[in-house]
Structures are given as structure tokens and as C-alpha cells.
Amino acid sequence: MISIDHVSKTFGDVRAIDDVSLQVGRGEIFGVVGQSGAGKSTLIRTVNLLERPDAGTVSVDGVELTALPAAGLREARRGIGMVFQHFNLLSSRTVRGNVELGLEIAGVPTRDRVRRSGEILELVGLGHRADAYPSQLSGGQKQRVGIARALASQPKVLLSDEATSALDPETTRSILELIRSIRDELGLTVLLITHEMDVVKTVCDSAALLESGRIVESGRLVDLISTPGSRLARDLFPLGPVQPRPGTTVIDITFSGGTADRPVIAQLARVHGLDVSILGAAIETIAGSQAGRTRLELPGSAAANEAAIADLRGQNLLVEVVA
Amino acid sequence: MIDVNAPGFWESLLQVLLVGTGQTLYMVGVSLVVTIVVGLPLGVVLVGTEPGGILAAPLGSRALGRVINRTLDFVVNLGRSVPFIILMVAIIPFTRLVVGTFIGSTAAIVPLSVVAIPFFARMVEIAIKEVDGGLVEAADSLGATRWHVVSKVLVPEAMPAMILGLSTTVTSIINFSAMVGTVAGGGLGDVAIRYGYQRYSVVHMVAVIIVIFAIVMALQAVATLLARRFARRGTVSRRSQSLLTPGG
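Residue numbers (the working numbering), protein chains in the order written: chain R, 91 to 413; chain V, 235 to 482.
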């Protein structure tokens with residue numbers, strides 16, 4: 091649905107994004123994570139050409155935006171909603187007025203505008219605040235208006251530029267739930283950028299890690315968590331740094347889907363006679379299914395534990411020897 | 235010297251004041267309308283043609299945008315730095331061209347507008363620069379044209395600050411209108427000079443000051459009220475808020 095192909099953008103001598111390619115499938119929620127300065131914002135802004143790339147092409151729904159003339163681009167942008175970190179609502183307009191902005195721009199007749207804005211405000215749960223001004227709303231409510239505005243002209247794609255970064259954890263969760271339910275209801279394709287791994291965990295189907303303008307890793311979350319050495323997977327289950335003790339082996343076991351309920355530790359103790367210590371564990375719901383990671387300390391060197399590790403791997407568990 | 239005790243003094247004072255006030259309001263009112271009609275777009279173009287602005291490249295030419303910006307900036311600075319009394323005399327040929335004469339209240343409207351337009355354009359420029367660039371981006375993301383951005387985002391969002399700028403502009407138009415007696419424009423300033431100064435009538439002088447003060451206060455009150463009404467809708471920038479205090 092969204093196809094970013096070898097896109098680069100330079101500001102002065104800074105390569106904000108460097109030869110980035112990315113595919114987002116229809117109906118998918120795709121998260122781009124990275125630290126501030128990694129180029130996330132620039133990347134998402136190239137999708138609707140708020141930032142025109144120096145090189146590469148961007149296509150949305152089969153239309154190559156980078157090849158469109160100004161009028162065609164404006165038309166295409168009406169099919170791409172965008173939500174901003176600081177909401178960017180017009181203070182001179184009511185909630186309803188803000189939601190209708192895009193419809194006015196598109197030349198929708200008043201009667202249809204009123205009907206449409208009413209519907210969409212109900213959808214985001216703000217039907218009762220239609221006549222309020224943005225200054226009278228909480229941050230979470232403002233972002234709901236932002237989402238309603240982006241969705242009013244029935245776009246197929248929603249871009250979210252750090253939409254929850256200015257919100258508290260509780261509100262963040264409710265906004266993410268809203269995005270997810272809207273995706274389910276309207277079949278929207280969502281591309282979001284964030285610096286919070288929690289956002290990816292809560293709402294995304296796929297993710298990419300952006301570092302110094304380059305994509306280091308990307309894929310579906312369910313695949314990433316069973317990929318050895320995946321940094322995204324490691325960040326999804328932060329187990330902290332390893333502090334190895336001499337004469338022991340530390341392993342990380344990742345469970346996902348059908349392997350989540352295996353009695354691994356009991357098995358290691360019983361079958362291999364190992365005194366296992368648990369150093370850390372994290373269980374998360376990722377992309378709608380349970381997944382987890384456990385860090386275990388086994389007595390003896392890695393070589394001595396080879397049989398036990400092979401046994402675990404034989405059960406389709408992802409085992410990484412970390413120390 | 236005018237004798238306060240002479241028969242018919244107060245009647246004639248009232249008569250003179252009424253005519254003067256009428257002329258002042260006429261000149262200021264029409265100048266104000268002209269100032270808004272010309273100054274508002276001028277201010278928008280001034281901001282828009284700055285590098286990175288929405289009109290930075292009119293007709294696709296960045297160079298043209300720069301030329302327009304520099305030219306307008308120069309003209310605005312020129313207009314604001316020439317003392318009014320000199321400007322009024324200097325543009326007599328232009329005034330003649332527009333009104334047919336350079337004498338009288340109607341003719342005085344031309345220099346008054348000419349001096350107020352750059353002033354107001356700067357006010358508009360400042361007000362629009364205060365509008366968060368994110369709002370323009372939001373409109374862009376919705377497929378807005380430049381005209382949409384100006385008419386639906388920049389001007390409405392800058393409204394409170396522009397209204398306050400306008401009230402400052404009116405005050406200075408009133409101020410300058412006191413000088414148009416020089417070209418027989420009449421008005422309250424002329425009354426003060428001819429009766430109060432040249433004929434030593436303290437009563438006339440005081441009366442004119444009171445009337446002008448009342449007009450300015452009334453305008454200020456209306457502007458503040460309007461700005462508050464617009465501002466209440468949203469977050470008012472700190473600058474606009476400081477302008478909200480009387481005398482700002």
C-alpha cells in the first residue's frame with residue numbers, strides 16, 4: 091500500500107535518511123522506531139511529500155507521488171491522513187470545524203460535511219465535544235480530534251508522526267487502541283513513527299528500526315521475535331545487560347505462539363539434571379499473541395550444556411547463548 | 235483671541251467640534267478601510283515570500299519570490315520612515331492623480347492610507363509569523379492550496395493579534411490626521427491648531443484633546459473586546475496577551 095523505494099534526503103551536510111526502502115502492506119500497522127535524530131520524522135514526512143526526497147520514489151496505493159504535479163499531489167494527499175505529535179489543531183475553529191477542514195478543502199458540500207464530521211467524531215468518542223474549542227480539551231481529546239480530522243476525508247492511509255509522544259501512558263494506550271480499532275473497522279493502512287518500543291508492542295504488526303537514516307532491521311513482529319540476534323526483538327523484551335559469572339552459561343529462550351506454554355525449566359532440571367536459575371523474564375502480547383523471553387543461568391560452560399541447548403532447539407524454541 | 239464670554243461662543247464651539255469630529259471620523263474611517271484592504275494582503279505576501287514561506291516561489295520561481303519580498307520590505311520600510319508631514323506633501327502628485335485634488339478631507343485620505351498601509355502590513359506580518367508552522371503542515375497534509383492555507387489557517391489564526399495591530403494602526407492614523415490641516419483637510423487637529431493655537435482658545439484645545447482621547451479609548455476598548463472574543467477560543471500567544479493590556 092505504501093512503497094518507499096531507495097529514498098534519500100539531505101539537509102545541508104546531514105543525511106537525514108539514506109537510501110531507505112520500505113513496504114507497508116494493505117491493512118497493516120507498521121511502526122518505524124528509532125532514537126531522536128535517526129530520521130524518523132523526515133521519513134514519514136516523505137510519504138505525503140511534506141518533505142520531498144532528493145532521490146528515490148514514494149508510491150501510495152499504486153500512485154507514484156513523487157511523479158505527480160502539484161495539483162495531483164494535493165488530490166493524492168486527501169487520501170493520506172496525517173496525525174501530529176503536537177496535534178496541530180486550529181485554535182480559531184471548534185472541534186467540528188477542525189474535523190471539517192479537510193472536507194472544506196476537498197470542496198465537500200456543507201450538508202455532507204456536517205454529517206461526516208458528526209459520524210467521525212462519534213467514532214473517536216468525541217461526539218459530545220463537537221462545539222468545544224481545542225483549548226478546552228485535554229491532550230488525549232486533542233489527539234482524538236487530530237485523528238478525526240485525518241480520517242474525515244476517508245483516506246486509505248494514516249500517517250502518525252509521534253502521535254502519542256506528548257501524552258501520558260494511560261492516554262497513549264487509549265489512543266493506540268483507537269488506532270487499532272479504526273484500522274480493524276475501516277481497513278486502514280497505518281504507518282507510524284515512534285521512539286517508544288511500547289507503542290510498537292501495543293499496536294504494530296510490523297516494525298523497522300531506523301538508525302542514522304538507515305533501516306537496520308525490519309519485518310513482521312512475529313517473525314522478528316524468532317529471529318536470532320534481532321535488536322528489535324531484544325528491545326521488545328528488555329532483559330537488561332548480562333553479568334556472567336565464571337563457570338556458568340547464560341541463555342535467552344524466546345517463546346512465541348505454540349511454544350509459549352512449554353515447561354522448559356522443569357524439563358531442564360529433570361531430563362538434564364541442571365540447577366537452573368532464572369535471571370530475568372518478560373512476557374508480552376505482541377501483534378495479538380503471547381510471546382516471552384526468559385534468561386536462564388545454567389551451571390557449567392557452554393560446551394558442557396550443549397546437549398541441553400540442542401534439546402531445547404529441537405523443540406522449536408529460539409535459544410541464544412548470551413554468555 | 236477668542237472671548238469665552240462672547241455671545242454664541244459655546245454654540246460655535248459645538249458647531250466647530252462637530253464638523254471637526256465628522257471630518258476626522260470620515261478621514262480615519264475611509265483610510266482604515268483602505269488600509270485593511272491593501273495592508274492585509276501586503277502583510278500576507280510579505281511573510282509568504284520569505285524563504286520557506288508559502289509563496290517563496292511564485293510561478294515556480296524562487297528568484298521572483300525573493301525579489302518581491304525584498305522590494306516590498308524596502309517599500310514598507312520607506313513608507314514607515316518618512317515623516318508624515320513630508321510624505322503628505324511629497325505624494326501630492328499621486329494624490330492628485332487618485333482624487334483629482336490634493337486639498338480637502340477626501341484628498342487627505344490618500345496620504346493617511348499611504349502611511350498606515352506599511353504600518354499595518356508589518357503588524358499583519360508579525361501576527362502571521364506567530365502562527366505555528368505545524369498548522370500549515372496539517373493543512374498541507376489535507377491537500378490544501380496556498381489560498382486555503384491563507385484563508386483557512388493563517389488569517390483566522392492570526393486574527394486576535396491582527397485586531398490588536400489594527401487598533402494600534404487606527405490610533406496612529408488619528409495621530410497623523412491631526413496634521414492634514416496643512417492641506418486643508420480639516421478635522422479635529424485643524425480645530426486645535428486654528429482655534430486653540432493661532433487664536434489662543436484654551437477651551438478649544440482642551441475640548442479637542444478630550445474628543446480625540448475619547449475616540450481612541452473607545453476604539454481601544456472595541457479592539458480589546460474583539461481580540462478577547464477571538465482569543466478566548468484558543469491559546470493566545472504571549473505577545474498577543476501583552477498587547478491585550480491597554481496602552482500596548
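A few of these clues could be false.
As a list, the in silico DMTMM-like pairs of lysine to aspartate or glutamate whose alpha-carbon atoms are at most 25 Å apart [what the hints assert, rightly or not]:
| # | chain 1 | residue 1 | chain 2 | residue 2 |
| --- | --- | --- | --- | --- |
| 1 | R | 291 | R | 307 |
| 2 | R | 291 | R | 274 |
| 3 | R | 291 | R | 301 |
| 4 | R | 246 | V | 364 |
| 5 | V | 363 | R | 141 |
| 6 | R | 246 | R | 212 |
Far from chain V by the CB rule (all over 12 Å, computed), these chain R residues [unchecked claim]:
| # | residue |
| --- | --- |
| 7 | 102 |
| 8 | 171 |
| 9 | 195 |
| 10 | 240 |
| 11 | 268 |
| 12 | 407 |
| 13 | 409 |
Please keep in mind that the hints were generated in silico from the structure rather than gathered at the bench.
A quick note: this is a predicted structure, and the numbers were derived from the prediction, not measured.
Yeah, the Cβ is synthetic: ideal placement off N, Cα and C, and Gly gets one too.
Evaluated hints:
1. 291(R) x 307(R): 16 Å, holds
2. 291(R) x 274(R): Roughly 17 Å between the alpha carbons, so the hint for residue 291(R) and residue 274(R) holds.
3. 291(R) x 301(R): 19 Å, holds
4. 246(R) x 364(V): 33 Å, violated
5. 363(V) x 141(R): Given pair residue 363(V), residue 141(R) holds - Cα atoms ~21 Å apart, limit 25 Å.
6. 246(R) x 212(R): 19 Å, holds
7. 102: 14 Å, holds
8. 171: 8 Å, violated
9. 195: 5 Å, violated
10. 240: Per Cβ check, residue 240(R) is inside 12 Å of chain V; nearest 8 Å; violated.
11. 268: 19 Å, holds
12. 407: Non-interface label on residue 407(R) holds, nearest chain V Cβ at 45 Å vs cutoff 12 Å.
13. 409: Fine: 46 Å to the nearest Cβ keeps residue 409(R) off the interface.
Of the hints listed earlier, those the structure fails to meet are numbers 4, 8, 9 and 10, in rising order.
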